[in-house]
Structure formats: structure tokens, C-alpha cells
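Chemist: The residues making up each chain are set out below.
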Amino acid sequence: MTAVAMTVNGKAVTGDVDPRTLLVQFLREHLRLTGTHVGCDTSQCGACVVHIDGKAAKSCTTFAWQVQGANITTIEGLAEPNGPLHPMQEAFRENHALQCGYCTPGMIMSAVDIVWRKGNDLDENTIRHELEGNICRCTGYHNIVKAIAAGAKAMEKSPMAKTA
Amino acid sequence: MYEFKFHRPTTVRQAAGLLARQEEAKLLAGGHTLIPTMKLRLAGPKHIIDMSQIEGLSGIEVKGRSLVIGAFTRHDEVATSSIVKENIPALAELASLIGDPAVRHRGTIGGSVANNDPNADYPAACLGLGATIVTNKRRIPSDDFFKGLFETALEPDEIIVRFQFPKVNKAAYVKFPNPASRFALVGVFVSKRGSDIRVAVTGAGSNGVFRVTAFEEALKKRFGVKSLEGLTVPVDGMSSDIHGSAEYRAHLVGVLARRAVAAATA
Ligand SMILES: Cc1cc2nc3c(=O)[nH]c(=O)nc-3n(C[C@H](O)[C@H](O)[C@H](O)COP(=O)(O)OP(=O)(O)OC[C@H]3O[C@@H](n4cnc5c(N)ncnc54)[C@H](O)[C@@H]3O)c2cc1C
Ligand code: FES
Ligand code: FES
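Listed in order, the protein sequences are those of chains Z and W.
So for the first sequence, the working numbering puts the first residue at 1; every next one is plus one.
So for the second sequence, the working numbering puts the first residue at 1001; every next one is plus one.
Think of the hints as simulated: they come from the structure by calculation, not from any bench.
Treat the hints loosely; a few may be bogus.
[What the hints assert, rightly or not] Derived list of chain W stretches under chain Z, where covered just means 3 residues or more per stretch with a C-beta under 8 Å from a C-beta of chain Z:
#1 1003-1016
#2 1033-1045
#3 1101-1107
All C-beta atoms, glycine included, are put in the ideal place defined by N, C-alpha and C.
Just chain Z, same shape as in the assembly:
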């Protein structure tokens, strides 16, 4: 067993885990933050995307001990509990950008990262190219692309949309 310590959604957390524990397992099974999903075994689907020190990363392809001391943000940490949604979450709701919702947490975490890197004015091509690591089996992507363009614009005006 190995001791891990990190900050998750602004709170210091610790755990005693088997070295094989992936970050996604630590989040879901130890911290009970089940918003982060696992959609594949091959690091390709992006359902597990979280922010590690402010950068989108696949939590299924990272051991918990690798992010010792790091700052992790999950879908649960984007907005205040019981407060208004983060502008990107709101844009997904407004634009009907989900059906089953399985890919949605990863999509939103990737989307916020895209805005941080590419700015608030995103064209369709950029969004589609940047979403290469996120797979959706339901929507056909059109509304996801629309939501991200709208969410990016809304983030410009929102106090909630600062960098991690």
C-alpha cells in the first residue's frame, strides 16, 4: 500500500492505496466522486477526463501516486454545490448536448480546457479537432460542438470560468 495526498476540488485529501490504483479509481471508489466515468480500457474515449494542475488529462491513464501533491478538478468541482452551473455545463443543458450523459463529464472538462488554451471565440473546425480524445456514442456531436461554442462565449463573462 502507498500513501497518497492531493487536492481535489479545493479540498486536501489523502488515501492509502494499492500502487495499481488509477486516479479515476481513487476519485470514484475512495472519494466517491462518481461524476468522472470510465468508458474504455484503451485510453481512447475521454469519459475520464479531469484537470491535473489545470490541464485536461485522462484519469484512467494516470496512477493516483503520480499526482501526489497535485491540484485535481473533477466535474463536481466546476461549480459550487447547489449554486448555479458552470457556464459550460449550462451551455450543454441549453443546447441539448447530451443524451445518455455518459460522455458528458469528460466532454465538459475537455471543453473548459479547450477554452483555456484556445480562447472564447471557437470555430467549428477547432472544436471538432480539439475533441478528438472524447467519444460520444449517442449524440452525433453536432449539439456538443454548438454547446462548446456557446459555453466558450459565456465563459468570457463569467466569474466562475477562471483558470484552475
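Using the hints provided, position chain W with the ligands relative to the given structure of chain Z.
Modeler: Chain W with the ligands in isolation, oriented as in the chain Z frame:
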């Protein structure tokens, strides 16, 4: 996944010592090849030697006539570096085409080159630019480094420390990505440095990354798309799988080489 112990050395020397001493030990860099392989139980190292705590292994600088990139430098840092964009823009472009943004935030150049996946992008840049691969033991010219599918000249306790890419006059990389995995179905890197012309191909060869000397000779006469007209690579020696036949790959090599020269001379 099989059980393992992990170690977090802070110097290259310690890491090399652990590699030599521990049975079935493996280095871990970005983990974006090793961890998926471990999850599938295709790899089962008993000891993992994490490189993330070693000082001085990442970073990008210009030294004399070379661009020097530390082995632990992540794909995204190369893709967005103003130094790389200014000195060898084709290399920044290549890094920006690897996988997806999340993969680029974690994966490293050293991990990619040490792994030598036949469909990986960086091996084409090393061979296509004539890079020197600097390890904890020696300096290996890229022409002597890539030995076949997932095979390199690295010894079991050898660690890549940095890469030296010579600055070139012209270079370009054109990739035909596999639409599902984003790896290169075929990728061609061309460069010109004085009279030194290189054409390196990834994804196509049944023995991994290779140079096309016939194309290089033709480009020596004149570095332009016309010089490659009608030239092809032999189908023999191309790989063939569900993603593409050997004939298809041979055809793509010619097409992408012409596009790369066009991009390099644009
Ligand atoms: C979804 C997905 C898509 C991808 N798409 C692409 C793509 O389009 N093109 C592409 O080229 N790659 C692609 N990759 C692979 C990715 O680029 C990996 O990051 C890279 O191949 C390995 O780098 P790493 O730092 O993650 O290495 P690790 O997985 O940590 O290590 C890989 C191997 O290299 C060894 N190693 C690592 N560093 C060193 C060193 N400094 N010296 C000696 N040995 C070392 C390790 O022991 C291990 O055997 C993709 C990966 C994923 C998961
Ligand atoms: S669960 Fe992480 S990429 Fe699919
Ligand atoms: S909404 Fe079902 S997977 Fe995307």
C-alpha cells in the same frame, strides 16, 4: 494489472542504478503507452521507475546550431513552444498532431522514441531531421537508433536524457492519421539542410520507421515536388493489416512525400 513496486529517483544516476539492480524494472515517463499496456496485461513490470521527480529532464533550448529538447518534455510543450515554432516549425506541427489534447498533456518525447511504435510520429522526426539521441551513456545518431518494431539501440539500463535536432533550412511533416486511433497510418517527414536531404517514413514499413534513399537522391538534384513525380516505394517491405494493405501504404508514401515537399517549399 499485475502488481508492482514503484520508485521515484531524483537523479538520472539513481534511476539507472535502479534499472540495473531491480529485476524486471521499467521506466515510467508520461505513462501513455506503458499504463495502457499494463492494464491489458501485455506488460507486467515488477518495478516502475518514475522519472517525474528527476530535475533537468524537461525543457527546450537552442544551443549553437541545434534545438535541444529534454526527454521528459511533454508533447504539448513541444507543440506550443515559441522556440520550436521559430527554429523547426515542422517539429511543433508534428507534436500537435499526436493523439489528442489530453494525451499531449501527459506523453513525453523520450517515452515515444524509446517505445518506437511503428506508427508513432516522433521517430519520423528524429530520422527525418538527423537528430542525435543523448543517453546517460552515449550519443546515438538516429540512423543507428531505430532497430525494428518496438526495438531500439537502447541497452536495458540506458536512459534517454535529451534530443539534439539540427536546425534545417526546410522541413515538413505530413500525416495520414488512422481515423480511430490518431496514430499515423503513414507519416512522412522531409528536411533539407544544405545538401543533406532526408525523407523518413513512419507507419508504413514492416520493420518500423525508415528512410527513402531513392526519394532523397531525386530531391538532391532539385528540392521540389516535380523531382518526386512518378517515383514510388516497393510494396515489398510495407506492412499490411486491417487498416490498409501494403499496396495502399506504398501509394500513400509517394503521395504524402510529395505533399511534404510541397509544404516544405511553400
Ligand atoms: C489515445 C492515445 C493516442 C495516441 N496517439 C498517438 C499518435 O497519434 N502518435 C504517436 O506518436 N503516439 C501516440 N500515442 C502514444 C503517446 O504519444 C505516448 O505518450 C508515447 O508513445 C509514450 O510516451 P510516454 O511519455 O507516455 O511514455 P511511457 O508510457 O511512460 O513509456 C513508454 C516506454 O518508454 C520507456 N521510456 C520512457 N521514457 C524513457 C527514457 N527517457 N529513456 C528510456 N526509456 C524510456 C518506458 O520504460 C516504456 O517502456 C497515443 C497514446 C494514446 C493513449
Ligand atoms: S476511460 Fe479514460 S479514456 Fe476511456
Ligand atoms: S451522450 Fe451518450 S455517450 Fe455521449
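Chemist: Check whether three or more residues of the region 1033-1045 of chain W sit with their beta carbon closer than 8 Å to a beta carbon of chain Z.
Modeler: With 4 residues closer than 8 Å to chain Z, the region 1033-1045 of chain W meets the three-residue bar; holds.
Chemist: Does the region 1003-1016 of chain W contain three or more residues whose Cβ lies closer than 8 Å to a Cβ of chain Z?
Modeler: Three-residue rule met by the region 1003-1016 of chain W, so holds; n is 4.
Chemist: Tell me whether the statement that chain Z covers the region 1101-1107 of chain W is true, taking a Cβ distance below 8 Å and needing three residues at minimum.
Modeler: holds (count 5)
Going down the numbered hints, you'll see the structure goes against none, and every one checks out.
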